[in-house]
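As you go down the protein sequences, you meet chains A and B in turn.
Heads up: the first sequence begins at 81 in our numbering, then just goes up one per residue.
Heads up: the second sequence begins at 725 in our numbering, then just goes up one per residue.
Just so you know, these hints were derived from the structure itself, not from any lab.
Errors might be hidden in some of the hints.
[Claimed, not checked] Calculated cross-link-like contacts (lysine-lysine; reagent style DSS-like; alpha-carbon spacing at most 25 Å):
| id | chain 1 | residue 1 | chain 2 | residue 2 |
| --- | --- | --- | --- | --- |
| 1 | A | K121 | B | K801 |
| 2 | A | K183 | B | K792 |
| 3 | A | K183 | B | K835 |
| 4 | B | K835 | A | K120 |
| 5 | A | K183 | B | K801 |
A quick note: this is a predicted structure, and the numbers were derived from the prediction, not measured.
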Amino acid sequence: DTEVTQTPKHLVMGMTNKKSLKCEQHMGHRAMYWYKQKAKKPPELMFVYSYEKLSINESVPSRFSPECPNSSLLNLHLHALQPEDSALYLCASSQIAGTGSPKQYFGPGTRLTVT
Amino acid sequence: GNSVTQMEGPVTLSEEAFLTINCTYTATGYPSLFWYVQYPGEGLQLLLKATKADDKGSNKGFEATYRKETTSFHLEKGSVQVSDSAVYFCALGNNAGNMLTFGGGTRLMVKP
Numbered sequence: 081d082t083e084v085t086q087t088p089k090h091l092v093m094g095m096t097n098k099k100s101l102k103c104e105q106h107m108g109h110r111a112m113y114w115y116k117q118k119a120k121k122p123p124e125l126m127f128v129y130s131y132e133k134l135s136i137n138e139s140v141p142s143r144f145s146p147e148c149p150n151s152s153l154l155n156l157h158l159h160a161l162q163p164e165d166s167a168l169y170l171c172a173s174s175q176i177a178g179t180g181s182p183k184q185y186f187g188p189g190t191r192l193t194v195t
Numbered sequence: 725g726n727s728v729t730q731m732e733g734p735v736t737l738s739e740e741a742f743l744t745i746n747c748t749y750t751a752t753g754y755p756s757l758f759w760y761v762q763y764p765g766e767g768l769q770l771l772l773k774a775t776k777a778d779d780k781g782s783n784k785g786f787e788a789t790y791r792k793e794t795t796s797f798h799l800e801k802g803s804v805q806v807s808d809s810a811v812y813f814c815a816l817g818n819n820a821g822n823m824l825t826f827g828g829g830t831r832l833m834v835k836p
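The task is simple: from the sequences and hints, build the whole structure.
The structure is reproduced here in structure tokens:
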């Protein structure tokens, strides 16, 4: 199984709502990632988890709160978002880097619209 | 810091034409280089990878050679198909192996 799954596929939320994005993989990968992708732009790294611990936070606003409850799951909790946060949110996973950069497997993304 | 520059699109080709998408990078050390493809409405899929100078990555008829002397990793395909229409991202892995830096993406449109 070389698949990363993400739910929901689409999400519309108001600026006062609290919602969560979910990501799951069963490849035994111990590194997991959240990216944000705006239309016609490349993905931008938000967070990296290694061995279920947050290892990189790319200065993401606190209204985005990641969580890695176990080695297969990665969540992104959303609260008090702004319309400019509307984007495609991509999850990825990989083996922990050894020599060189490992291949990252991407999920299909959650398309988020903040109204 | 690390950076990746790709040719701007869209690139429009007829079926069976030759494809080149240019990619150059700036980095310290010896990064790994990647090409990812994104089909409409989907996430990214790894197309090919090279980890050291003069390595050639290849997959599904696509090729790219890691050229350290020109800091380039151009993507080529000898004969494109309509199904190759997508956005292609060149990416660079940092030395720690835990971050990817993406180029801006190049949209390819192949017409029958």
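Output the indices of the hints that this structure fails to meet, ascending. Hint 3 is the one this structure does not satisfy, whereas the remaining hints hold.
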